[in-house]
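Chains as they are written, first to last, in this note's numbering: chain W, 1 to 353; chain C, 1 to 245.
There's no promise every hint is true.
Unchecked claim - Derived SDA-like pairs (lysine to any residue); straight-line CA-CA distance at most 20 angstroms:
{"no.": "1", "chain 1": "W", "residue 1": "Lys-338", "chain 2": "C", "residue 2": "Pro-153"}
{"no.": "2", "chain 1": "W", "residue 1": "Lys-150", "chain 2": "W", "residue 2": "Lys-338"}
{"no.": "3", "chain 1": "W", "residue 1": "Lys-227", "chain 2": "C", "residue 2": "Pro-153"}
Claimed, not checked - Quick list of simulated restraints, FRET-style, between CB atoms:
{"no.": "4", "chain 1": "W", "residue 1": "Ala-297", "chain 2": "C", "residue 2": "Lys-238", "range": "51 to 59 angstroms"}
{"no.": "5", "chain 1": "C", "residue 1": "Lys-150", "chain 2": "W", "residue 2": "Glu-335", "range": "20 to 28 angstroms"}
{"no.": "6", "chain 1": "W", "residue 1": "Ala-297", "chain 2": "C", "residue 2": "Arg-199", "range": "30 to 38 angstroms"}
{"no.": "7", "chain 1": "C", "residue 1": "Arg-199", "chain 2": "W", "residue 2": "Ser-332", "range": "47 to 55 angstroms"}
{"no.": "8", "chain 1": "W", "residue 1": "Ala-297", "chain 2": "C", "residue 2": "Val-30", "range": "24 to 32 angstroms"}
If you're looking for bench data, these hints aren't it; they were derived computationally from the structure. By construction, the Cβ of each residue, glycine as well, lies at the ideal position given by its N, Cα and C atoms.
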Amino acid sequence: MAAANSTIRFRIVFIIFWLILFTDQVLVLNYFGLPWKEALIDSGISNFWLMLLSMLIINTLRFYLPRGNQYINIFSICVFLSILWLILTRFILKLSLGYYEGYRELLQSSLSIRYSIGFLVLGCVTMIGILWFNQKEQHDYERRKSDAEKLAREAELFKLRQQLQPHFLFNSLNSINALIGSRPEEARRMVQQLSDFLRGTIKKEETQWVTLQEELQYLQLYLEIEKVRFGNRLATEIHVDEAAGSMKLPALLLQPIVENAIKFGLYDTIGETLIRLFAKKNGDQLEIQVINPFDPATSSPRQGTGFGLKSVQRRLYLLFARTDLLTVETVSPAEGEKDNTFITHVNIPQTGL
Amino acid sequence: MSKVIIIDDEPLARSVVNEYLQKHTGMEVVQECADGFEGLKAIQQHQPDLIFLDIQMPKITGFEMLELIDQPPAVIFTTAYDEFAIKAFEAHAIDYLLKPFSQDRFDKAIAKYTEQKTENGKNTQELLEAAAHSPAQNQRVVVKNGSKIKIIPVHDVFYLEAADDYVKIHTPEGYFLKNKTMNHFESTLDPQQFVRSHRSYIVNVQQITRIDPYEKDNHIAILRSGAKVPVSRSGYGKLKEVLGL
Numbered sequence: 001m002a003a004a005n006s007t008i009r010f011r012i013v014f015i016i017f018w019l020i021l022f023t024d025q026v027l028v029l030n031y032f033g034l035p036w037k038e039a040l041i042d043s044g045i046s047n048f049w050l051m052l053l054s055m056l057i058i059n060t061l062r063f064y065l066p067r068g069n070q071y072i073n074i075f076s077i078c079v080f081l082s083i084l085w086l087i088l089t090r091f092i093l094k095l096s097l098g099y100y101e102g103y104r105e106l107l108q109s110s111l112s113i114r115y116s117i118g119f120l121v122l123g124c125v126t127m128i129g130i131l132w133f134n135q136k137e138q139h140d141y142e143r144r145k146s147d148a149e150k151l152a153r154e155a156e157l158f159k160l161r162q163q164l165q166p167h168f169l170f171n172s173l174n175s176i177n178a179l180i181g182s183r184p185e186e187a188r189r190m191v192q193q194l195s196d197f198l199r200g201t202i203k204k205e206e207t208q209w210v211t212l213q214e215e216l217q218y219l220q221l222y223l224e225i226e227k228v229r230f231g232n233r234l235a236t237e238i239h240v241d242e243a244a245g246s247m248k249l250p251a252l253l254l255q256p257i258v259e260n261a262i263k264f265g266l267y268d269t270i271g272e273t274l275i276r277l278f279a280k281k282n283g284d285q286l287e288i289q290v291i292n293p294f295d296p297a298t299s300s301p302r303q304g305t306g307f308g309l310k311s312v313q314r315r316l317y318l319l320f321a322r323t324d325l326l327t328v329e330t331v332s333p334a335e336g337e338k339d340n341t342f343i344t345h346v347n348i349p350q351t352g353l
Numbered sequence: 001m002s003k004v005i006i007i008d009d010e011p012l013a014r015s016v017v018n019e020y021l022q023k024h025t026g027m028e029v030v031q032e033c034a035d036g037f038e039g040l041k042a043i044q045q046h047q048p049d050l051i052f053l054d055i056q057m058p059k060i061t062g063f064e065m066l067e068l069i070d071q072p073p074a075v076i077f078t079t080a081y082d083e084f085a086i087k088a089f090e091a092h093a094i095d096y097l098l099k100p101f102s103q104d105r106f107d108k109a110i111a112k113y114t115e116q117k118t119e120n121g122k123n124t125q126e127l128l129e130a131a132a133h134s135p136a137q138n139q140r141v142v143v144k145n146g147s148k149i150k151i152i153p154v155h156d157v158f159y160l161e162a163a164d165d166y167v168k169i170h171t172p173e174g175y176f177l178k179n180k181t182m183n184h185f186e187s188t189l190d191p192q193q194f195v196r197s198h199r200s201y202i203v204n205v206q207q208i209t210r211i212d213p214y215e216k217d218n219h220i221a222i223l224r225s226g227a228k229v230p231v232s233r234s235g236y237g238k239l240k241e242v243l244g245l
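Given the sequences, and given the hints that come with them, work out the whole structure.
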């Protein structure tokens with residue numbers, strides 16, 4: 001769309017420029033004594049050929065852009081083309097206007113000034129053409145680059161999901177297998193939860209925005225499944241301010257953060273684990289904290305899952321062009337406790353939705 | 001009567017094994033454990049004939065736990081998804097069960113166990129060698145210190161020293177012994193960080209402050225802790241390469 005618009009604009013400017021050039025020449029010739037009719041014909045023929053040559057230059061530039069050290073060639077081409085133009089128009093003008101008395105003299109004496117104008121116009125057209133196409137090339141290059149990045153990102157996310165899911169999926173199926181024998185009702189419920197969870201992962205698009213309430217409902221499925229898997233080892237607390245519930249965030253953004261918390265807080269600790277999530281409204285930002293314990297001796301959430309949190313950081317950067325929206329901190333264990341605490345902070349601006 | 005221990009961090013996963021075992025007379029579950037530490041204690045206490053072992057568990061993996069046992073019992077691994085472990089199993093394990101597994105598949109594993117009871121120990125050693133190359137396991141070293149288990153992140157290791165059948169692992173908290181060979185560590189630790197500077201020494205290059213000439217042809221590496229590690233001529237070449245000198 002934008003490219004088409006700029007092409008149309010370019011053509012309009014081109015036509016206006018030639019109309020001015022054309023009228024100007026008519027007025028000047030008339031001023032020097034040529035009647036209106038002859039002045040119009042002269043100007044028409046000269047400018048028609050000049051325009052044709054300019055279009056030739058522009059079309060050439062479209063497919064072949066000179067590089068830095070070839071500007072001398074361009075200069076000589078302009079010189080050559082303006083000479084060609086001069087000889088051509090002189091010949092045609094002589095043929096078509098030679099009948100008018102004194103025209104040949106006028107033509108002869110104005111050759112040098114005609115040449116200068118022709119050269120200037122062709123030079124300008126070339127310069128502008130080069131600039132314009134260069135900019136277009138740059139623009140295309142940037143678009144390609146961002147497209148490539150987007151593709152790479154999607155592939156990376158897809159791979160990431162693939163890496164995270166199988167372990168979770170097969171273990172959940174194993175839990176269901178265990179429940180079928182002893183507690184079939186619970187098995188049935190878990191099949192439901194797992195299906196809803198998987199459907200959510202497949203269905204949601206990364207570009208979609210959802211309310212915190214929706215995202216939490218979805219996370220709840222995930223946490224419920226983990227609770228079945230690990231029995232009463234996992235406890236969760238979710239505190240959401242009233243104002244925060246309806247605030248929005250990119251779909252599936254919280255998911256990897258909570259997965260990270262589970263990975264270090266639950267998969268790598270012994271005994272009961274509490275994972276907490278706080279969400280509140282702070283000005284025009286949605287502020288979320290996820291808090292989990294971890295053992296620094298066996299894991300480092302900062303490096304280990306690098307990719308879990310890194311992909312979140314990258315998404316936030318692409319959406320808001322800011323790198324400070326996701327921060328993490330580790331807190332040493334309080335007296336009488338053995339595990340460190342890991343806190344993930346996410347801020348989601350509500351502007352520009 | 002075979003004594004059995006089930007080690008898995010998920011209670012439901014343990015209950016499946018328990019349930020499937022009901023059919024098999026002559027098998028008695030003496031204990032269920034939720035992690036490698038409990039597992040290790042239980043194995044030392046009960047001396048079981050067979051263990052069902054999950055790989056992905058808190059703190060230490062199933063492989064790391066096995067490494068700490070001098071005479072490991074027969075092992076049937078149970079795991080959901082771990083590409084690396086599965087590769088190791090395919091080569092050396094008695095049997096492994098991919099979760100979720102059926103009673104039929106489980107029965108086959110038990111049959112396999114009863115057939116090859118005798119040669120289990122050897123297989124387990126080979127399996128552990130293969131598994132030690134997994135990405136998770138070259139980030140840390142798990143050692144037994146008396147009855148305690150110590151997890152040493154590799155960046156904390158100063159250097160390793162050969163000591164008869166053991167390897168001395170020098171750390172800020174003193175040294176720990178591990179019943180492995182120098183070749184084992186040389187092949188499993190990251191070669192960009194750990195260099196075999198000498199037949200009997202592997203040094204953490206990040207700990208080196210300087211390398212001095214020492215006698216003829218030899219050098220000596222001075223570490224941040226002040227420790228001195230011998231560097232042979234070929235070791236010096238390797239160090240220079242890694243350090244980009």
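We went through each hint and held it up to the structure:
Note on W/Lys-338 and C/Pro-153: the hinted pairing holds, with a Cα-Cα distance of about 18 angstroms set against a maximum of 20 angstroms. Distance restraint check for W/Lys-150 and W/Lys-338: the Cα-Cα separation of roughly 42 angstroms exceeds the 20 angstroms cut-off, and the hinted pair is therefore not satisfied. In summary, the hint linking W/Lys-227 to C/Pro-153 is not supported, as the alpha carbons are separated by about 30 angstroms, beyond the 20 angstroms threshold. A hinted range of 51 to 59 angstroms is violated for the C-beta pair W/Ala-297 and C/Lys-238, which are about 30 angstroms apart.
A hinted range of 20 to 28 angstroms holds for the C-beta pair C/Lys-150 and W/Glu-335, which are about 24 angstroms apart. For the pair W/Ala-297 and C/Arg-199, the supplied restraint of 30 to 38 angstroms holds, since their beta-carbon distance comes to about 31 angstroms. Taking 47 to 55 angstroms as the suggested C-beta distance range, the pair C/Arg-199 and W/Ser-332 does not conform, at roughly 42 angstroms. Under the hint 24 to 32 angstroms, the C-beta atoms of W/Ala-297 and C/Val-30, about 30 angstroms apart, fit the expected range.
Violated hints, listed in ascending order, are 2, 3, 4, 7; each of the other numbered hints is respected by the structure.
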